[in-house]
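Just so you know, the sequences run in chain order A and B.
For what it's worth, numbering that gives the first Met the number 0 labels the leading residue of the first sequence as 0, then goes sequentially.
For what it's worth, numbering that gives the first Met the number 0 labels the leading residue of the second sequence as 0, then goes sequentially.
Think of the hints as simulated: they come from the structure by calculation, not from any bench.
Fair warning: there could be bad hints in the mix.
[To be verified] Just some of the chain A residues that point at chain B, by a computed CB distance under 8 Å:
1) Leu16
2) Arg20
3) Tyr35
4) Ser130
5) Val184
6) Leu187
Glycine is no exception: its CB is placed at the ideal position from the N, C-alpha and C atoms.
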Amino acid sequence: MADEAEVSDAMAIERTLAGDRDAYRVLVERHSRTVYRMAYRIMGNAHDAEDVVQESFLRAYQKLKQFAGNANFGTWVYRIAANYAIDRIRQRNADDARRESPSKPGEVSLEIDPLSLVRDMSPSPERLAGSAQLAERMKAALAELSPAERTAIVMRHWDGCGIEEIAAVLKSNSNATKNTVFRAVQKLRRALIPFLEGKEARAMGTEG
Amino acid sequence: MKHRTEEELIGYRDGEAKERVEIAAHLNECTECREELARIEAVFRALDAIPAPDPGEDYGERVWQRIAPRLGRKKERWWESLFVPQRLAALGGVMALVILAFVAGRWTRERMPSGDQADVVKVRERVLVVAVGEHLGRTEMVLMELENAPAQKGRKAINISETQRRAEDLVEENRLYRQTALTEGDQAMVSTLDELERVLLDIANSPEELTPAAFETIRKRIEEQGLLFKVRVVKQGLDERKANPGAKPTEDNAKVTERKKV
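All chains should be modelled from the sequences, with the hints used to inform the complete structure.
The following block contains the structure:
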């Protein structure tokens, strides 16, 4: 194990390409959790997130020759996973639409408890930040975003990805991607207005 | 004073606004826009209220266990891999299910006006139970071979690659059945096959060349965890289901029937 800790990504890749299949293990063990966190936030559940992680590492293994060390392996496999996640979620949404049952978790959560929301209303986001209810509300609001918006906000907010990087995953240009991020923030904000802002919300952004 | 738009403020907060200096100057003077920016900031802090998904410390290791058997195979054409003898059995089972489902479906439509499809479900369930029963038999053999292997004293390394290859094939077979069970809505079967997959992956992922001591460790693990025993219990449960199809939890049947109506 101590030996493994010293193996750099580049060395592990080299050994894997030289035919040592087990050398790939270091890369999987090192980067799985980061990829999982992103996949979970985009997919919204553990089962789909795990599927994204496994499939991404399989794809990365198959394409390892193309990687050629021109970027960081972590970034590379992250991007493969983000691409796969957005495809999966679009597919899932299309399947859901065909079954004519719009995604229930979002619906249910968004309809929760207007009364308790009012009761819990406080101008202090610091206090609210610890609230489980707020977390639920945010999860529901995230689930309501389009696949592109959700992917963009996850990559941007939690993983600090650059606009160009997100644009590559969305297969879009940087202006359109900035706009996608903006729309995502705007929608999240609207979903949170009763929670965070009460009556004082400025009309701007809420009524066009 | 002209206020800054929401888009400009979000862009500013994000570090992407074009008129960064101008917006900063405006914010210095305008309380209202500063408050608006604070409200935007609150959205991001609210996002941070969602707990970070944590799959656990050993997650990377688990991912490796899952994918390792699927790595390293040279790209073969998909149909070639189906004709590996060990896999033909699994394929046969799945094909039988598909054909039966089709035939039974037609037969039901033609002859069963009342929509009573419970029999069709039972027939399919039975085929799955029989096929998985056979699959468990093969798994049992692999475990028995390891558990009952003759003493290896005096040898430097023990090669279990042959057994491992069979375990790998069984993993794939296992997945085929799991997928079918999932489609059929047989949750109990899915859980059983999940458990079995972990056992098979353990074997498939051990090093090929083992020292007698390492081999002994694997053998002990099979014994201590009662893996062979577990497989036999599950197999016995399936045999009972084979004899008495009603043993399956009724809610699963209901689920399947309901799904068929959709």
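Numbered hints the structure breaks, given as an ascending list: 1
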